[in-house]
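Colleague: For the record, the sequence lines run as chains A and B.
Our numbering puts the first residue of the first sequence at 1, with every later residue one more than the last.
Our numbering puts the first residue of the second sequence at 1, with every later residue one more than the last.
Treat the hints with caution; some may be incorrect.
[Unchecked claim] Label pairs and their computed distance ranges (CB to CB):
#1 A:Ala27 to B:His483: 26 to 34 Å
#2 A:Leu48 to B:Pro378: 21 to 29 Å
#3 B:Ala361 to A:Leu48: 55 to 63 Å
#4 A:Lys39 to B:Arg482: 31 to 39 Å
#5 B:Tyr154 to A:Pro124: 36 to 44 Å
#6 B:Arg448 to A:Ala27: 25 to 33 Å
#7 B:Glu45 to A:Arg254: 53 to 61 Å
#8 B:Glu315 to A:Asn100: 50 to 58 Å
[To be verified] Okay, derived cross-link-like pairs now, DSS-like style, lysine-lysine, Cα gap no bigger than 27 Å in a straight line:
#9 A:Lys164 to A:Lys217
#10 A:Lys297 to A:Lys43
#11 B:Lys422 to B:Lys472
#12 A:Lys297 to A:Lys106
#13 B:Lys326 to A:Lys39
#14 B:Lys340 to A:Lys299
#15 A:Lys164 to A:Lys131
#16 B:Lys340 to A:Lys39
#17 B:Lys340 to A:Lys43
#18 A:Lys217 to A:Lys131
#19 A:Lys297 to B:Lys340
#20 A:Lys257 to B:Lys340
#21 A:Lys257 to A:Lys297
#22 A:Lys106 to A:Lys71
#23 B:Lys99 to B:Lys151
#24 A:Lys299 to A:Lys257
#25 A:Lys257 to A:Lys39
#26 A:Lys217 to A:Lys257
Think of the hints as simulated: they come from the structure by calculation, not from any bench.
In this text, a Cβ means the ideal position worked out from N, Cα and C, and glycines have one as well.
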Amino acid sequence: MATAPALIGGFELPAGPRLPRVGSVDAVALEERAATLAKRSIKRESKLQALDLAIRMMDLTTLEGQDTPGKVAALCAKGMRPDPLDSTVPRVAAICLYPNHVEGAKERLAGSGVKVASVATAFPSGQLPTKLKVAETRAVVELGADEVDMVIDRGAFLSGRYSKVYDEIVQVKEACGDAHLKVILETGELGTYDNVRRASLLAIAAGADFIKTSTGKVSPAATLPVTLCMMEVVRDVYHETGRMVGIKPAGGIRASKQAVQYLVTLYETLGPEWMTPDLFRFGASSLLNDVLMQIRKEKTGRYQSGDYFTID
Amino acid sequence: MAQVEKRTASVPALLEWEYAPAPEARDIVQIRERYGLFVGGEEVEPRSGEWFESISPSTEEILFEAALAGAEDVDLAVSAARGAFDNGWAKLAPAERAKYLYRIARIIQERSRELAVAESLDGGKPIRESRDVDLPLAAAHFFYYAGWADKLEYAYPNRTPRPLGVAAQIIPWNFPLLMLSWKIAPALACGNTVVLKPAETTPLTALLFADICRQAELPPGVVNIVTGDGTTGGHLVRHGGIDKLAFTGSTEVGKLIMRELAGRDVRLTLELGGKAANIVFDDAALDQAVEGIVNGIYFNQGHVCCAGSRLLVQESIYEPLLEKLKRRLSTLRVGDPLDKNTDVGAINSKAQLDRITELVASGEAEGAEMYQPDCRLPERGYWFVPTLFTNVAQSHRIAQEEIFGPVLSVLTFRTPEEAVEKANNTPYGLSAGVWTEKGSRILWMVERLRAGVVWANTFNRFDPTSPFGGYKESGFGREGGRHGLAPYLRFE
Numbered sequence: 001m002a003t004a005p006a007l008i009g010g011f012e013l014p015a016g017p018r019l020p021r022v023g024s025v026d027a028v029a030l031e032e033r034a035a036t037l038a039k040r041s042i043k044r045e046s047k048l049q050a051l052d053l054a055i056r057m058m059d060l061t062t063l064e065g066q067d068t069p070g071k072v073a074a075l076c077a078k079g080m081r082p083d084p085l086d087s088t089v090p091r092v093a094a095i096c097l098y099p100n101h102v103e104g105a106k107e108r109l110a111g112s113g114v115k116v117a118s119v120a121t122a123f124p125s126g127q128l129p130t131k132l133k134v135a136e137t138r139a140v141v142e143l144g145a146d147e148v149d150m151v152i153d154r155g156a157f158l159s160g161r162y163s164k165v166y167d168e169i170v171q172v173k174e175a176c177g178d179a180h181l182k183v184i185l186e187t188g189e190l191g192t193y194d195n196v197r198r199a200s201l202l203a204i205a206a207g208a209d210f211i212k213t214s215t216g217k218v219s220p221a222a223t224l225p226v227t228l229c230m231m232e233v234v235r236d237v238y239h240e241t242g243r244m245v246g247i248k249p250a251g252g253i254r255a256s257k258q259a260v261q262y263l264v265t266l267y268e269t270l271g272p273e274w275m276t277p278d279l280f281r282f283g284a285s286s287l288l289n290d291v292l293m294q295i296r297k298e299k300t301g302r303y304q305s306g307d308y309f310t311i312d
Numbered sequence: 001m002a003q004v005e006k007r008t009a010s011v012p013a014l015l016e017w018e019y020a021p022a023p024e025a026r027d028i029v030q031i032r033e034r035y036g037l038f039v040g041g042e043e044v045e046p047r048s049g050e051w052f053e054s055i056s057p058s059t060e061e062i063l064f065e066a067a068l069a070g071a072e073d074v075d076l077a078v079s080a081a082r083g084a085f086d087n088g089w090a091k092l093a094p095a096e097r098a099k100y101l102y103r104i105a106r107i108i109q110e111r112s113r114e115l116a117v118a119e120s121l122d123g124g125k126p127i128r129e130s131r132d133v134d135l136p137l138a139a140a141h142f143f144y145y146a147g148w149a150d151k152l153e154y155a156y157p158n159r160t161p162r163p164l165g166v167a168a169q170i171i172p173w174n175f176p177l178l179m180l181s182w183k184i185a186p187a188l189a190c191g192n193t194v195v196l197k198p199a200e201t202t203p204l205t206a207l208l209f210a211d212i213c214r215q216a217e218l219p220p221g222v223v224n225i226v227t228g229d230g231t232t233g234g235h236l237v238r239h240g241g242i243d244k245l246a247f248t249g250s251t252e253v254g255k256l257i258m259r260e261l262a263g264r265d266v267r268l269t270l271e272l273g274g275k276a277a278n279i280v281f282d283d284a285a286l287d288q289a290v291e292g293i294v295n296g297i298y299f300n301q302g303h304v305c306c307a308g309s310r311l312l313v314q315e316s317i318y319e320p321l322l323e324k325l326k327r328r329l330s331t332l333r334v335g336d337p338l339d340k341n342t343d344v345g346a347i348n349s350k351a352q353l354d355r356i357t358e359l360v361a362s363g364e365a366e367g368a369e370m371y372q373p374d375c376r377l378p379e380r381g382y383w384f385v386p387t388l389f390t391n392v393a394q395s396h397r398i399a400q401e402e403i404f405g406p407v408l409s410v411l412t413f414r415t416p417e418e419a420v421e422k423a424n425n426t427p428y429g430l431s432a433g434v435w436t437e438k439g440s441r442i443l444w445m446v447e448r449l450r451a452g453v454v455w456a457n458t459f460n461r462f463d464p465t466s467p468f469g470g471y472k473e474s475g476f477g478r479e480g481g482r483h484g485l486a487p488y489l490r491f492e
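Produce the complete structure using the sequences and hints provided.
Modeller: In structure tokens:
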């Protein structure tokens with residue numbers, strides 16, 4: 001079993017010739033920058049391009065106690081062919097669900113290229129002993145999950161027990177094997193951007209393939225400034241070490257306009273290399289229909305009512 | 001543990017994402033072929049019989065003709081202002097004066113889209129800035145000083161404030177409407193009347209403001225606007241009928257004005273050039289400091305008297321900061337000022353472009369190292385790529401002279417003492433910026449920096465409630481806040 005190296009003073013990156021500074025974040029200036037980026041005006045072809053990309057980057061999600069095999073089946077169908085009337089609309093990146101539905105989804109999505117992402121590690125609270133979290137991770141991977149969305153132990157993080165958080169991520173990462181690991185920071189519970197920056201570095205150092213903002217169960221979920229803050233960490237890590245880490249804002253992104261704002265922020269912060277589902281995802285459930293509506297509007301010049309888009 | 005790897009993308013990334021043009025509609029502003037002078041509440045033909053053209057610096061197209069006011073025209077304007085002062089404005093109940101100012105403020109807000117487009121067309125600044133900075137601030141100044149109009153006695157307890165009379169005001173081309181507001185709002189709030197001369201290259205919004213005065217039913221003669229060039233300004237400065245002169249512009253002209261007014265009973269405030277130091281300590285939030293540096297020098301193409309044109313970086317973070325800064329520079333979008341996605345617009349005039357070009361050449365000749373991002377510039381119009389100089393010595397011209405363009409000189413320091421010493425080592429003293437997470441260090445720096453405004457962890461942030469003005473060759477007198485009232489008052 002993997003063990004974490006001793007951490008001097010907390011949480012320096014173990015990797016790389018030159019360690020990135022943990023650094024700090026100025027909240028006012030960060031929010032101002034995000035607001036400026038949100039004002040970019042994206043029109044016509046560039047908008048269509050963005051909307052198409054937003055679908056390809058989408059982790060279509062259902063994480064409810066009331067989820068049934070039927071609901072999951074419907075979501076899988078939607079993910080593979082989002083717009084029954086327009087075959088040029090691409091498929092989504094993944095379907096994100098609870099472990100119970102991994103097998104069912106895996107079957108339905110076989111051969112489609114749409115991945116199965118499962119939450120794990122006592123989502124959404126993370127309040128479970130480490131060994132059970134690791135066992136849960138192993139189980140979902142065995143059931144066929146291509147991607148694992150874990151939550152960090154916010155209690156440990158906020159009380160300063162960074163090595164506990166780090167060790168846990170390292171062990172979960174190992175349990176993932178080939179499955180991609182997304183680490184949910186639950187930024188809405190971290191309180192400050194400084195904490196978000198710190199937690200992002202910690203997760204990346206421990207081996208996260210993606211860092212993800214939220215479970216969607218806590219408000220605020222993803223915001224543009226918090227995602228920008230995480231992008232800046234990813235950029236620092238890339239420039240220090242050459243390692244490319246993905247980012248997934250999740251929760252609260254319901255409108256195409258918001259999705260385009262995230263893509264603008266991504267483009268102007270990390271550049272075109274990050275404009276791929278391998279490095280950026282949207283965690284969303286209701287965003288897809290709005291994007292479809294906008295695509296149809298861009299293509300036909302007219303808005304159509306909600307009745308022309310399937311509710312799944 | 002976590003191995004370093006460069007993941008190969010299984011899904012190809014977008015190579016480039018071109019933003020489609022997103023121009024603000026230009027037809028919201030109706031520009032006439034010709035504009036006369038605004039004297040005594042009427043638009044009048046110039047007695048001088050002369051006109052000059054105003055062009056759009058982003059296309060070099062001729063937008064309109066404005067009157068070039070001669071000595072006689074200036075005299076008429078001053079007489080109109082004097083008449084309005086004597087015949088009621090000064091004696092009007094202060095709360096009534098306030099009503100006019102509130103009215104003007106609201107009309108500016110109502111017509112803000114039109115004014116923003118006009119500002120960007122005539123001056124070349126990006127619509128994003130005229131829309132989000134110039135216009136809201138211009139309206140805010142009128143609102144703020146409207147509030148003071150009937151509270152002057154509370155601003156100066158146990159004294160009796162009285163207006164001065166006719167205020168002559170000469171404003172620059174970098175923030176045409178905003179500078180007009182900085183000047184006119186406090187002057188009127190204090191009970192003065194005004195003759196304002198807008199800059200030669202950017203008279204449009206002042207001429208539209210004349211229309212706003214009529215719309216607000218401001219009594220005739222309270223505000224007069226005389227367009228023209230330096231000679232018009234000269235007539236105004238030399239006119240015997242003015243009681244107060246407020247000038248914002250170059251240090252060179254400021255000195256001429258001061259000579260001219262020596263020995264005359266005319267109150268003077270000058271807001272002149274600057275060569276501000278933006279000081280970044282190693283504990284600053286780096287990504288946000290980079291934003292502040294960019295906003296400090298590339299905002300409004302660097303046509304800002306308080307621009308953070310000298311970057312002082314603590315040596316221990318010099319490399320990572322420069323790396324970040326250069327990367328950020330390459331994402332600046334230079335081009336059509338009316339495009340909503342433009343970050344850096346056109347240089348205001350050919351003359352200014354020549355001056356920037358000359359100073360940048362001197363920087364290269366003196367041995368500083370120049371960095372410019374790849375950048376496609378439009379073929380017509382006046383443009384300059386956002387530029388950064390490293391290896392700059394304190395003795396280089398680019399570290400001493402005001403460039404007034406998108407050009408940043410980067411210097412380093414090791415200790416806070418050295419930072420203060422270098423920051424103060426300039427004939428100017430208008431503004432400065434300090435970037436650090438440490439509150440006590442901010443206060444320590446503020447006590448020692450000789451600059452009228454010191455920003456901490458931000459830059460180029462303005463507010464009508466905050467006084468603004470300079471030390472040394474950056475001028476004297478304060479505009480904004482309660483301090484901004486004093487230059488327009490005498491005390492009995």
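Colleague: Are the hints correct? Go through all of them and say.
Modeller: Hint check:
1. A:Ala27 to B:His483: 26 to 34 Å: holds, 30 Å
2. A:Leu48 to B:Pro378: 21 to 29 Å: At roughly 26 Å between Cβ atoms, B:Pro378 and A:Leu48 fall inside 21 to 29 Å, so the hint holds.
3. B:Ala361 to A:Leu48: 55 to 63 Å: violated, 44 Å
4. A:Lys39 to B:Arg482: 31 to 39 Å: Holds, at about 33 Å.
5. B:Tyr154 to A:Pro124: 36 to 44 Å: violated, 56 Å
6. B:Arg448 to A:Ala27: 25 to 33 Å: About 27 Å separates the Cβ atoms of B:Arg448 and A:Ala27, which means 25 to 33 Å holds.
7. B:Glu45 to A:Arg254: 53 to 61 Å: Once the Cβ atoms are compared, 59 Å apart, the range 53 to 61 Å for A:Arg254 and B:Glu45 holds.
8. B:Glu315 to A:Asn100: 50 to 58 Å: holds, 57 Å
9. A:Lys164 to A:Lys217: Distance of about 23 Å is within 27 Å: holds.
10. A:Lys297 to A:Lys43: Distance ~12 Å between A:Lys297 and A:Lys43 Cα, so the pair holds.
11. B:Lys422 to B:Lys472: holds, 16 Å
12. A:Lys297 to A:Lys106: Violated, because 33 Å separates the two Cα atoms, which is more than 27 Å.
13. B:Lys326 to A:Lys39: holds, 23 Å
14. B:Lys340 to A:Lys299: holds, 23 Å
15. A:Lys164 to A:Lys131: holds, 12 Å
16. B:Lys340 to A:Lys39: With a Cα-Cα distance of about 8 Å, the restraint between B:Lys340 and A:Lys39 holds, given a limit of 27 Å.
17. B:Lys340 to A:Lys43: Satisfied, since the Cα-Cα distance of roughly 11 Å is no more than 27 Å.
18. A:Lys217 to A:Lys131: Satisfied, since the Cα-Cα distance of roughly 24 Å is no more than 27 Å.
19. A:Lys297 to B:Lys340: holds, 22 Å
20. A:Lys257 to B:Lys340: Satisfied, since the Cα-Cα distance of roughly 16 Å is no more than 27 Å.
21. A:Lys257 to A:Lys297: Holds - the C-alpha atoms of A:Lys297 and A:Lys257 are around 13 Å apart, at most 27 Å.
22. A:Lys106 to A:Lys71: holds, 14 Å
23. B:Lys99 to B:Lys151: holds, 13 Å
24. A:Lys299 to A:Lys257: holds, 16 Å
25. A:Lys257 to A:Lys39: Distance ~10 Å between A:Lys257 and A:Lys39 Cα, so the pair holds.
26. A:Lys217 to A:Lys257: holds, 22 Å
In summary, the structure is inconsistent with hints 3, 5 and 12 from the numbered list given earlier, while agreeing with the others.
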